[in-house]
Amino acid sequence: MADARPAATPVSADAENAPALGELLAEMTRARHWSTRLFNLQRQGRIGTTAPIDGEEAAVVGSAAAMDPAVDWAVPQYREPVGLGRFGEAVLRHTILYHSGHPDAGRYPAGVHVFPTQISIAAQIPHAVGLAWGMRLRRQPGVVLCYFGDGASSEGDFYEAANLAGVVRAPVILFCINNGWAISTPVRGQTAADSFAGKAAAAGIAGERVDGNDVVAVLEATAAARRRAAAGEGPTLIEAVTYRMGPHTTADDPTRYVPPDELELWRARDPIARLRRRLEEEGGWDDARQRALEEDADRRFDAALAAADATPLRTDCFIDSAYAQPTPELERQRRILGDAEAR
Amino acid sequence: MADARPAATPVSADAENAPALGELLAEMTRARHWSTRLFNLQRQGRIGTTAPIDGEEAAVVGSAAAMDPAVDWAVPQYREPVGLGRFGEAVLRHTILYHSGHPDAGRYPAGVHVFPTQISIAAQIPHAVGLAWGMRLRRQPGVVLCYFGDGASSEGDFYEAANLAGVVRAPVILFCINNGWAISTPVRGQTAADSFAGKAAAAGIAGERVDGNDVVAVLEATAAARRRAAAGEGPTLIEAVTYRMGPHTTADDPTRYVPPDELELWRARDPIARLRRRLEEEGGWDDARQRALEEDADRRFDAALAAADATPLRTDCFIDSAYAQPTPELERQRRILGDAEAR
Amino acid sequence: MPVMTMLEAIRHTLHEEMARDERVMVLGQDVATLGGVFRATEGLRDRFGAERVVDMPLAEAAIVGASLGLAWSGMVPVAEIQFLGFTQQAFHQVAGQLARIRARTGGDRGCAATIRAPFGGGVRAPELHSDSLEAQFAQCPGLKIVAPASAADARGLLASAIRDPDPVLYLEPLRGYRAVKDEVPEGDHTVPLGQAREVRHGDDCVIIAWSAMVHTCLRAAAEVEAATGASVGVLDLRSLVPLDVESIVAAAVRTGRVVVAQEAPPTAGFASEVVTVVQENAFYSLEAPVARVSGFDTPYPPGMLEEHWVPDSHRVAAAVRRTLEARA
Amino acid sequence: MPVMTMLEAIRHTLHEEMARDERVMVLGQDVATLGGVFRATEGLRDRFGAERVVDMPLAEAAIVGASLGLAWSGMVPVAEIQFLGFTQQAFHQVAGQLARIRARTGGDRGCAATIRAPFGGGVRAPELHSDSLEAQFAQCPGLKIVAPASAADARGLLASAIRDPDPVLYLEPLRGYRAVKDEVPEGDHTVPLGQAREVRHGDDCVIIAWSAMVHTCLRAAAEVEAATGASVGVLDLRSLVPLDVESIVAAAVRTGRVVVAQEAPPTAGFASEVVTVVQENAFYSLEAPVARVSGFDTPYPPGMLEEHWVPDSHRVAAAVRRTLEARA
Ligand SMILES: Cc1ncc(C[n+]2csc(CCOP(=O)(O)OP(=O)(O)O)c2C)c(N)n1
Ligand SMILES: Cc1ncc(C[n+]2csc(CCOP(=O)(O)OP(=O)(O)O)c2C)c(N)n1
Ligand SMILES: [Mg+2]
Ligand SMILES: [Mg+2]
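Protein chains in written order, with the numbering used here: chain A, 56 to 398; chain B, 56 to 398; chain C, 31 to 358; chain D, 31 to 358.
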C-alpha cells in the first residue's frame with residue numbers, strides 16, 4: 056500500500072473501517088489493470104479464457120470495501136475475483152491459477168474468506184445463503200456477500216436461495232451486478248421485471264438499487280445491508296446498475312451485438328475515471344500517484360504470476376482431490392495413470 | 056345438467072359465457088362430492104392415495120369457469136382435476152384412473168384440453184408457459200390456465216417459468232392456490248414475501264390476489280386475466296387465498312400440525328356453504344335442488360367409476376408407452392416379461 | 031440387541047448423531063413439525079430445537095445447495111429429500127456442486143453433507159416416487175452412495191455417512207421402511223462405506239444386489255436351493271460408491287456364476303457397472319455369462335402394473351437357474 | 031459431396047430443417063442475435079425471424095420445460111443448452127418430464143423436442159464445460175441419446191432427431207466442432223437413430239466408441255495395426271439410446287476381442303452398459319475380457335491436467351494390445 060499513497064478522504068459515516076477514497080481508487084485501478092494483464096496473457100496463449108471486469112470495478116470494489124475480511128465471506132461468480140484484493144493478497148494469485156487451469160486455483164489459504172470461482176451461473180447463491188445461515192447457527196459474527204449477474208437472476212437457484220434467505224433471515228447480501236448483458240442477451244431479454252432489485256419482493260427481503268458506477272454509493276448501500284444482516288435484520292438484495300465495457304470473455308466478439316452508442320454512453324460514465332476526476336479535483340490525486348499505483352499494481356501482478364507459475368503441479372493430483380481419501384478404485388486408477396505416463 | 060337445474064343468476068359482465076351461479080354451485084358441489092367418494096374408495100383400499108379438494112372448490116371451479124374449454128387449456132398439479140369437469144366429462148373418469156394407478160390416466164380423449172396430473176411440484180408451470188407461447192406462435196386463440204400451490208411457488212420452476220412468461224408475453228394465467236399449507240409447512244415457513252401475488256413483480260407480470268373462497272371474485276379475476284392474455288397483454292399471476300380444510304392426502308394426519316381454531320375459522324368460510332346460502336337467500340336454491348344435484352353427482356361418479364373399472368389393462372403396455380415405437384431392446388424385454396408372466 | 035424396523039433404525043441414528051455432535055442438523059420438507067412424511071425424523075425437533083431441525087421451503091435445489099454452505103460454516107447437514115425422484119430438481123447442486131466442491135478446492139475443502147431419500151417400488155406410490163434412480167447419481171464423481179438393506183446397516187451406514195467428510199447420498203428403501211426388521215447393535219455402531227456384506231453364503235452361484243432387492247434375492251436363492259440343491263449366495267453391496275470390488279471379485283471367482291439384480295431399468299443401470307467389474311476382474315473364472323435382472327427400459331409404471339415391472343424372486347430365480355445351467 | 035466441419039453440418043441441418051418445416055424453432059441462450067457461442071445457429075434468426083429463433087433467459091429448466099409445452103402446441107422445438115454440464119439445471123425437466131410425458135399419457139402424446147448440447151474435453155475449457163455426462167441421461171427411459179462423430183452423421187442424426195416424435199438429447203463434441211471435417215451427402219440426408227456404423231473394419235479386435243473418442247480410437251487402431259499387424263476395427267455407436275445391440279454383438283462375435291472406450295469416468299459410465307451387452311450376448315465368443323478405457327472417477331480436471339485425464343490413442347492402443355495378447 057505504501058507506494059500507492061491513497062488519498063485519505065473519508066468515505067462515509069455508514070461504513071466504519073471502510074477504506075478511504077484513494078484506497079478505493081487504487082483497488083479499482085488494480086482490478087482493471089490486473090484484468091487487462093490477464094486478458095493479455097490469454098492473448099499470448101499463456102492462460103485460458105478470462106472475463107474482463109472493465110466497467111464493473113466500482114460495483115465489486117465498493118461492495119467488498121464494506122466487508123470485514125476477517126469475519127465476512129465473499130462468494131463470487133467468475134468476473135469479480137480480480138476485484139476482491141481486499142480479501143487477501145492470495146486472491147490475485149489464485150485468480151491467475153484459475154485462468155491457467157491449475158487445480159489449486161480454489162485452494163485458498165486458510166483465512167482467505169473467498170469461495171472458489173463458480174462457473175455454473177447462480178449455483179453459488181444457495182451456498183452463500185447456507186453459509187450465512189450456518190454462521191449464525193454457529194454464533195459466528197460474519198456476513199456473506201454473494202455476487203451474481205443480471206443473467207444469473209433468471210436461474211431458479213437465485214430465486215430459491217433468496218426465498219430461503221428470507222425465511223431463515225440469513226445474514227447474506229445478494230449482490231446483483233447488472234452490467235446490461237448476459238453474453239449477448241440484454242436485460243430486456245432476461246426479464247420483464249422493472250428492476251432486479253425489485254425481485255426482492257418475491258423473497259420478502261429488502262431490495263435496493265444503486266448506481267453501480269458510484270463506488271461510494273455502492274459502499275454505503277452494502278455497508279447498510281451488512282449492518283442490517285449482522286444485526287439479525289435479514290438479507291438484502293442489492294442491484295448495482297453498471298455496464299460491461301468489454302467483451303463477455305476473451306472468446307467473445309461484442310461488436311456483433313453491443314450498440315456502439317450505448318457503449319459510448321457508458322464509457323463516459325467509467326467508474327474509475329469518475330472517481331479519479333473527483334479525487335484530482337479535490338487535490339487528493341495526481342499523475343505521480345497514478346504512476347506509482349500502476350507500477351505497484353504491475354509489481355504485484357508480476358509477483359503473483361511468478362508465484363502462480365511456481366505452484367507445483369502433480370499430474371495425478373486429481374486422484375487425490377475428488378474425495379478426502381481416494382477410493383480403492385481411484386488408487387487402482389492412479390496406477391493406470393502411472394502406466395500411461397510411463398509410456 | 057338437467058337434473059341439477061342450476062339457478063340462473065348471471066355472474067358477471069366480465070365473464071362472457073360464464074356459467075350461472077347455480078351451475079358454479081353445482082360444479083363445486085360435485086367436486087367436493089367426488090373428492091369425498093375418492094377418499095372413501097381409498098379408505099376401502101380400492102384406489103391409492105388421493106388429495107382431497109375440500110375448501111378449494113371456489114378457487115378451482117371459479118377459475119375454470121372463466122375459460123373456454125374448446126380453445127383453452129388447463130394444466131393442473133394433482134388436487135384440482137376433480138374440479139375441472141368443465142373441461143369434459145372424461146376428466147372425472149381419468150381422475151379415478153389416476154388414483155387407481157391405471158396407465159391410461161393421462162390419456163385424455165382428443166379435445167379434452169387438460170394436461171395429465173403432475174406429481175412433481177411446479178414442474179408443470181414451464182410446460183404451461185411453453186404451451187401458451189406455442190399457441191400464440193401457431194396463431195391459435197387459446198389461453199392456458201396453470202394451477203399450482205403456495206408450496207410450489209418456492210420451486211425454481213415457478214420462478215423461471217413466470218419470468219419467461221413475462222419475457223415472451225405468453226397468454227398464460229399462473230393460478231396459485233394458496234391453501235395455507237404445503238403438507239405440514241404453513242405459508243410463513245414457505246416464504247417471507249407479503250403475498251404470493253406479489254411475486255409477480257419478480258417476473259414483471261400482472262399479479263392479483265383474490266378471495267379464493269368467493270367463486271365470483273375468482274371467476275372475475277380469471278376472466279379479466281384471460282381477456283388480457285388473449286389480447287396479447289401478457290400473463291397474470293393470480294393468488295387465490297383459500298384453505299385446505301382436509302388432510303394433505305389420504306396418507307396425512309393434519310391433526311399433528313393444523314391449529315384447530317384456524318381450521319374452524321376457515322370452515323366457517325366454506326366456499327360451498329357460502330354460495331349456497333347466497334343462492335338460497337336469493338331463492339335460487341333449495342333442498343330439492345341440492346338433493347337432485349347430489350344424486351346426479353353420485354350417478355355420474357358411479358358411471359365414471361364403472362367406465363374406469365372397465366378400462367382395459369394390458370400388462371405389457373408400459374413397453375409400448377415409453378416411446379412412440381418400442382426400441383428393439385424393449386421388444387426383447389417384452390419377451391422377458393412374457394416369460395415371467397408365463398411362469 | 032434390540033430389533034428395529036429400518037425406519038426405527040434411521041430415526042434412532044438421527045437421534046444418536048444429533049446427540050453426539052451438536053453441529054449435526056436435519057433439514058428438509060416437513061421434517062420438523064410433522065417428523066417427516068414417514069416419521070423418520072420424529073421427535074428430533076422437540077429434542078434438539080427448531081434451529082437444528084428445520085422445515086424447509088419446497089425447493090430441493092435450495093435444500094441441497096444450502097447444505098454446502100452450511101457444511102462450510104462447520105455445520106453437519108443431513109438433508110432429507112422427500113422422494114429420490116425429487117432430487118432431480120437438485121441434480122445440478124448434487125452433481126455439479128456438492129460432489130465437485132472438493133476437487134474445485136484442490137482437495138482442500140469438501141462438503142460433509144448427507145442427503146437422505148427414500149426410493150424404490152412396491153408400495154403403489156404415485157409417479158416419480160418409486161423409480162430407482164441410483165445410477166443417475168453413480169456417475170457423479172465426488173459423491174458417495176449407500177443403499178442399506180437391513181436395519182443394522184441402516185444404522186451403521188447412516189452414522190458413517192453423517193461422519194464422512196464427503197457428500198453421501200443415503201438411499202432408503204420405501205418398501206423396507208416398516209417391512210424390514212432385524213437386530214441392531216447397541217451403542218455406537220458404524221458400518222464403513224465401501225464394504226459389501228455376504229448375506230447368504232453360496233458356492234455355486236452368487237446373486238449381487240443392494241437395498242430392497244437383497245430380500246427379493248434371498249427369497250430367490252432359497253427357492254433355487256430348495257428346487258435344485260444348488261448352493262446360492264447373496265452379496266449385499268450396501269455401498270455403490272465406493273464399490274467393494276474385492277468382495278465382488280472374490281465371490282465371482284469362488285462361484286464362477288454371477289447374477290446381478292436391480293430394480294432399475296437395465297440400460298445404464300448400476301448393475302451394468304457390477305457386471306463390468308466382474309468380467310474385468312474375474313473373466314477367467316466365469317463359467318457362464320453374468321446375468322442381469324432389472325426392471326424395464328421405461329419409467330416405473332403406475333401402481334396397477336408395478337408387480338409386473340419390479341423384478342420378483344421368480345424372475346431372479348429364473349436367472350439363477352439359467353446361469354447354473356449354462357455350459358461352462 | 032461438400033466437405034464440412036461438424037459445426038457447419040449442424041448449422042446447415044438447422045437451416046434445412048427450419049426451411050423444411052415451419053413448426054421447427056430454435057431456442058436457447060445467445061442463439062439468435064449472436065448465432066450461438068459457437069455460431070452453430072448463425073444466420074437462423076435473420077432467415078427465419080425472431081419468433082422462431084429465440085434468445086432465452088438464462089434458465090435451463092425453463093428452456094427445456096417450455097419445450098415440452100411448445101411441442102404440445104404443435105411446434106417442434108430444438109433447444110440449445112450452452113454446455114452439457116448445464117443440462118443438470120434442467121435435469122428434472124429432461125429426466126422427470128420430457129422423457130416421461132409419453133408414458134404419463136399412456137403412450138398417447140410424446141414430446142418431439144431436441145436438446146442440443148456440446149460436451150467433452152480437449153479444448154481446455156473451464157469447469158463443467160468438458161465433462162462427458164451422457165451416462166447421467168442414459169438411464170432416463172423415454173429419452174433418446176445420439177452422439178455423432180462425423181459431419182455426415184452430425185447432419186443425418188440431427189435431421190432424424192428433429193423429426194423424431196420423442197425427445198432426443200443430441201450431443202456435440204466440443205473438440206470436433208471445427209477439427210472434424212468430412213463429406214456430407216447433399217439433399218435430404220437422415221441417419222436412423224439406433225444404428226451403429228463400422229468406421230474401420232477389423233477381424234482381430236474391435237474398439238467401440240462414440241463421439242470424439244471415435245477419432246482417438248481410429249488412431250489407436252492404426253497404431254496397433256502398424257505395430258503388430260493385427261486387424262483392429264472401430265465401431266461408432268452414434269446412438270446410445272436406442273442402442274444397436276445387434277451390430278455390437280456381431281462385431282464381438284466376429285472378433286472375440288472387444289475394447290470399449292469412453293471419455294467419461296469409468297464408474298457407471300455408458301461403457302459399462304456396452305461391456306454388459308457384449309458379455310450378455312457374446313460371452314461364448316469372447317477370447318479375452320472386454321476392456322474398458324475411460325477417464326477417471328473424478329470430475330474432469332482443470333485445463334492443465336486434461337491431457338493426463340482424457341484417454342488418448344496410446345491408452346486405447348495399450349488396452350487393445352492387452353486384449354489381443356490375452357490368452358483365449
Ligand atoms: C448454469 C449455466 N448456464 C449457462 C452458462 C453459460 N454462460 C456463461 S456466462 C453466461 C452469462 C452470464 O451473465 P450474467 O449472469 O449477467 O453475468 P456476466 O457475465 O454479465 O458477469 C452464460 C449464459 C453457465 N456458465 N452456467
Ligand atoms: C418436486 C417435488 N418435491 C416434493 C414433493 C412432495 N410433496 C408432495 S405435495 C407437497 C406439498 C405441496 O404443497 P402446495 O404446492 O402448497 O400444494 P397443496 O398440496 O397445498 O395443494 C410436497 C412437498 C413433490 N411431489 N414434488
Ligand atoms: Mg451480466
Ligand atoms: Mg398448499
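Calculated from the structure, these hints are not laboratory results. Fair warning: there could be bad hints in the mix.
Far from chain A, by Cβ distances over 10 angstroms, these chain D residues were calculated [what the hints assert, rightly or not]: (1) 60; (2) 193; (3) 218; (4) 229; (5) 276; (6) 314; (7) 317; (8) 318; (9) 328; (10) 342; (11) 345.
Here are the simulated distance ranges between beta carbons [to be verified]: (12) D:49 with B:358: 17 to 23 angstroms; (13) D:208 with B:380: 43 to 49 angstroms; (14) A:317 with B:316: 54 to 60 angstroms; (15) D:33 with A:241: 34 to 40 angstroms; (16) A:358 with C:51: 40 to 46 angstroms; (17) B:316 with D:52: 58 to 64 angstroms; (18) A:379 with D:284: 42 to 48 angstroms.
Quick partial rundown of chain B residues pointing at chain A, CB under 10 angstroms, derived from the structure [claimed, not checked]: (19) 213; (20) 215; (21) 218; (22) 249; (23) 256; (24) 338; (25) 339; (26) 342.
Predicted, not measured: the structure shown is a model, and the values here were computed from it. Even for Gly, the Cβ is constructed at its ideal location relative to N, Cα and C.
> Of the numbered hints stated previously, which ones are contradicted by the structure, given in increasing order?
Replying inline: Checked against the structure, the hints that fail are numbers 1, 9, 10, 11, 12, 13, 24, 25, 26, while the rest are satisfied.
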